[in-house]
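Trainee: Read off the chains here:
2 protein chains.
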Amino acid sequence: MTRTPVDATTTPAWTALSEHHAALIPDLRGWFAADPDRAARLTRTVGDLHVDLSKNLVTDETLGLLVELAEQVGLAERIQAMLSGEHINVTEDRAVLHTALRRPAGAEPSLLVDGQDVDGDVQAVLAQVGDFAEKVRNGSWSGVTGRRVETVVNIGIGGSDLGPVMAYEALKPYVKPGLQVRFVSNIDPTDLAETVADLDPTTTLFIVASKTFTTLETLTNARLARAWLWRRLQEEGVIDDSEQAKKDAVAQHFVAVSTALDKVAEFGIDPANAFGFWDWVGGRYSMDSAIGTSLAIAIGPERFREMLAGFHAVDEHLRSTPFERNVPVLMGLLNVWYVNFFDAHTHAVLPYAQYLHRFAAYLQQLTMESNGKSVRWDGTPVTSQTGEVFWGEPGTNGQHAFYQLIHQGTRLVPADFLAVATPAHPLVDDAAEGAPDVHELFLANFFAQTKALAFGKTAEEVRAEGTAEEIVPARVFSGNRPTTSIMAPALTPSVLGQLIALYEHITFVQGIVWGIDSFDQWGVELGKKLAAQIAPAVAGDTAALEAQDPSTRGLIDYYLAHRAR
Amino acid sequence: MTRTPVDATTTPAWTALSEHHAALIPDLRGWFAADPDRAARLTRTVGDLHVDLSKNLVTDETLGLLVELAEQVGLAERIQAMLSGEHINVTEDRAVLHTALRRPAGAEPSLLVDGQDVDGDVQAVLAQVGDFAEKVRNGSWSGVTGRRVETVVNIGIGGSDLGPVMAYEALKPYVKPGLQVRFVSNIDPTDLAETVADLDPTTTLFIVASKTFTTLETLTNARLARAWLWRRLQEEGVIDDSEQAKKDAVAQHFVAVSTALDKVAEFGIDPANAFGFWDWVGGRYSMDSAIGTSLAIAIGPERFREMLAGFHAVDEHLRSTPFERNVPVLMGLLNVWYVNFFDAHTHAVLPYAQYLHRFAAYLQQLTMESNGKSVRWDGTPVTSQTGEVFWGEPGTNGQHAFYQLIHQGTRLVPADFLAVATPAHPLVDDAAEGAPDVHELFLANFFAQTKALAFGKTAEEVRAEGTAEEIVPARVFSGNRPTTSIMAPALTPSVLGQLIALYEHITFVQGIVWGIDSFDQWGVELGKKLAAQIAPAVAGDTAALEAQDPSTRGLIDYYLAHRAR
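If you read the sequences in order, they're chains A and B. Here my numbering is used: the first residue of the first sequence is 1, the next is one more, and so on. Here my numbering is used: the first residue of the second sequence is 566, the next is one more, and so on.
Only chain A is shown next, with the shape it has when bound in the complex (with noise of 0.2 Å):
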């Protein structure tokens, strides 16, 4: 598979759309009057989704191009590739399979790679989850006093905190009751002692996720959650100071999500409740491997099931729709027409529901580690512009804060709003004129911010308002601000699950017409190893210190001269 990868930039398809591009004009306004029908073509399904992509600065030209560009750059070779579980993660020669992790129990043919029985092994490590999750739930599972937990804290960092905090954020309102999950992931000391302040560490479980078991922070923090629970659970008089019992404490108080069962019994943690995962799986694409343990004990292993069925829907909708019908690729291929035409730099990701506040944050990693690359699978520079900067904060929030940018900047921002019709706490406000359901006022917004950025507000209308003829141009809305509206029947486990597997497959979508490796992340390693050269540097080493460029020394120093003991 090193062969090397198609160059978009000299197809046929590429040409036609720089073409097209010089020669198109965004009409949102005009196109919508002159086409009654556009909405309803330009809607699309997948799942439960219902995506509207009329109010993005396309045609049904534009459209038809892109989708020749994604047949040939060869598309549809590359997602069986990558289903069947080909080494398309190039540069670190591994196969890419985290669509295996929801394929369902007895999918036929069953997958085997690279010798691998991979849907035995998913099944297995799935059971080995959900019956862990099972116990701690129903009190089967408890620390060292008897009392069973009620507090799972999960240590770990990138793709081994941000899905499971996105996704227990997301799902809320299925979690146990009297259960809590909380995410330790900065290596800042601060993070884990605000975390762990209030806590009884007699009713508290920690989950180690890493999957070398030597992650700086992860293995930090978990030292450090070790060390508060011995010291804790002797002020309660709970253990003495023997070995012994300490380490009978670990056993009991600590799990890992690991393959380095090695590390993880060095550590003190009983290999048995270890659960593993893969090379086949990247850490930004695992959320639904044994990382997400914490939620299966949250949310409990059948809704985790339901999450998985979720993601699976939109794998199979990948597989096996037709290009013009095909979400992801639709959508990836949208992305690709604003960056490479439209020279956006960045994407909005809006989502008009509060659960999903670290949805933004986790799609950062997911789309900009996978992207943001200058070189492709073979080696050679990239031929285009590539990843986005994703960022967003949930509306009506944002409407108050940024959006000033998104309606009168002079940067196109693409934005993807997201909303569900039926709200987990519904609520009329009674004392307000016609009591009025709040999530329909919430959703009004929604509808109206979507409006507003695709359709504007001309100086024409302004004037017509009455404004003083020297506000008007600020009053003036151009219009043809590009979104894409995403709606569905509530925040269930699957619709979550069907969310993130859209935003997989866009961010590999994008990432096959650049013909980069979306899976590799080789920019994260420069700066780890100069992190272990300086730390002596830091810690007051005459030897180190010296041997670092002036600007690291000036703050060096700076550092150690203003560092109160």
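Derived from the structure by calculation, the hints contain no laboratory data. Just so it is clear, CB atoms sit at the ideal spot from N, CA and C, and this is done for glycine as well. Be a bit skeptical, because a hint or two may be false.
Pair ranges (Cβ atoms, derived) [as the list claims (entries may be wrong)]:
1. Asp-835(B) with Glu-150(A): 37 to 47 Å
2. Asp-270(A) with Ala-599(B): 57 to 67 Å
3. Pro-322(A) with Leu-1125(B): 28 to 38 Å
4. Val-803(B) with Asp-37(A): 58 to 68 Å
With chain A fixed as given, assemble chain B onto it according to the hints.
Mentor: Relative to the frame of chain A, chain B by itself:
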């Protein structure tokens, strides 16, 4: 002040910058090697902040030309105009005096603007807020049963939310034990429901923050909170459902930050408990006004005044420091350099301080609502690109998420790195080799990332490590990715105030160069207006539904068909 702004692009400095940029080959490695004093010479101080600008893509000549640009657009005069209360918010014909909020008591000469004794008014409200905060803290203010307040719930959105929540999170170690503040902003009914779910109504105080007391989200949430209070107090048997009992409960459990005293009274809040501000304080510049009441309660009036003193120190620096050493001026000019000459669309802010985890969200409103604009203050179109998308998450979390793109993506992302020398929670990892100080490991990551971004890693260096040739390109780091490093002794209230004021003035400087009014926000109007028009359609009004465009109608139809009751 409706005089046309200077068009920066027509100044000699801009022309010189264009030529300089065309000739400049960024080479931080070479520049540092050739000039051992570069770091020292390009480091600046403002208040307690140590600001290392040396890893930016600038030479001495660049900075000289940028300072000339500032002179040629009349920045000095604009700074004086702002500080003295001229109506520099032209489109709304208002003074812009957030700097007056932190002038010390008795400052000379006193500030009289439009006939108003600004200093006197500011000190009066500050005293009122301080007295109230003290009463809540010492228990002389209590709920209907006489129990003291344990939880303050701030209800606001945009500037009435993002500043207070960011500052509360940042200053957690200063919060009075036994007191907590929560924040409700979103009109998603989930937000309020989750926030109050576990609260005791007898010990909860709501602060409703809305200048006009008409903000849709805030007033809706305030009414829902009031209904919750009445229901819960009745369930607890604390009050009956008489109008008088309900009135008394509101009077004891609600206060307001507002200037609309009639509406405050109508809601049931005693106007004596409404803390005001003025039309010369914009929402996104208001966290140091009465909008900070929740923070004043949490950390106490004395700490709040320390924070104001921190703001003021930076204001004085802005006012009196020559541009060559003026940190907000230089940082603002650097942002212009990247936006207008390097085509940067975004700017990352990366605090190595978990307590600053909402700092980027706060800055999004400050910067993007201020400078995300396409017309100048006289109504003419801007003559260059304007505001960036600001974004970020705390390090080290970001390192495991999106840093890949900053290191190896195709787009330039200038980044500010922030850290403090003294952590709030010193922790030593006893169990690891050499018992490292965790805060030092944390800082080593900060230093390593800025070093890696600046200096990169060449193909020769990668090869020298024995890397297989086909992986070499993927492991190369270009370097020359610009960063500014900001350090402070500790995250005190004063330092937080300094940081916020720094970014306020950076934003102002950029706005002046671009000739835009950084203090209006016309871009939020249209969405609000359309939401009011669309709400009846969402509620099922057929005529309102028919009046919508087909895309909006399709989304509303989807909602009506899929809402479960």
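Trainee: Against this structure, judge whether each hint is valid.
Mentor: To see whether the hints hold, each was checked on the structure:
1. Asp-835(B) with Glu-150(A): 37 to 47 Å: holds, 41 Å
2. Asp-270(A) with Ala-599(B): 57 to 67 Å: holds, 58 Å
3. Pro-322(A) with Leu-1125(B): 28 to 38 Å: Hint holds: Cβ distance 30 Å, inside 28 to 38 Å.
4. Val-803(B) with Asp-37(A): 58 to 68 Å: Since Val-803(B) and Asp-37(A) have Cβ atoms about 59 Å apart, the given range 58 to 68 Å holds.
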